[in-house]
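Participant: Sequence:
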Amino acid sequence: MKRDQHHVMPSPNGGWSVRQSGALRASRTFDKQADAVAYARDKLRKNGGELFVHGKDGTVRSHDTYAKQKFG
Numbered sequence: 001m002k003r004d005q006h007h008v009m010p011s012p013n014g015g016w017s018v019r020q021s022g023a024l025r026a027s028r029t030f031d032k033q034a035d036a037v038a039y040a041r042d043k044l045r046k047n048g049g050e051l052f053v054h055g056k057d058g059t060v061r062s063h064d065t066y067a068k069q070k071f072g
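Letter by letter, the sequence shown follows residues 1 to 72 of full-length UniProt numbering.
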């Protein structure tokens, strides 16, 4: 099963976008990269998946994998 992949990347309109791989639009945009990363991490900690954080030049600066939380 393929993991959800989310990318924090520069937004064309300024700020930082959180975008799922294959999505046409960002799920959310933030002024600060740190806020975008925190939002994406929180989402992935709940559902599992991979986070790719891109720099201003578009290159991947970091990559993390999160397991889905198990409740019960």
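A hint or two may mislead.
[Said to hold, decoys possible] The calculated EDC-like cross-link candidates involving lysine to aspartate or glutamate, where the alpha carbons are at most 20 angstroms apart (straight line), are: (1) K43 / D4; (2) K68 / D42; (3) K70 / D57; (4) K70 / D42; (5) K46 / D31; (6) K43 / D57; (7) K43 / D31; (8) K68 / E50.
Because the hints were derived from the structure by calculation, they are not lab data.
Participant: Each hint needs a verdict: does it hold in this structure or not?
Facilitator: Status of the hints after comparison with the structure:
1. K43 / D4: holds, 11 angstroms
2. K68 / D42: holds, 11 angstroms
3. K70 / D57: violated, 36 angstroms
4. K70 / D42: holds, 15 angstroms
5. K46 / D31: violated, 24 angstroms
6. K43 / D57: It is violated: about 25 angstroms lies between the C-alpha atoms, which goes past 20 angstroms.
7. K43 / D31: holds, 18 angstroms
8. K68 / E50: Holds, at roughly 11 angstroms.
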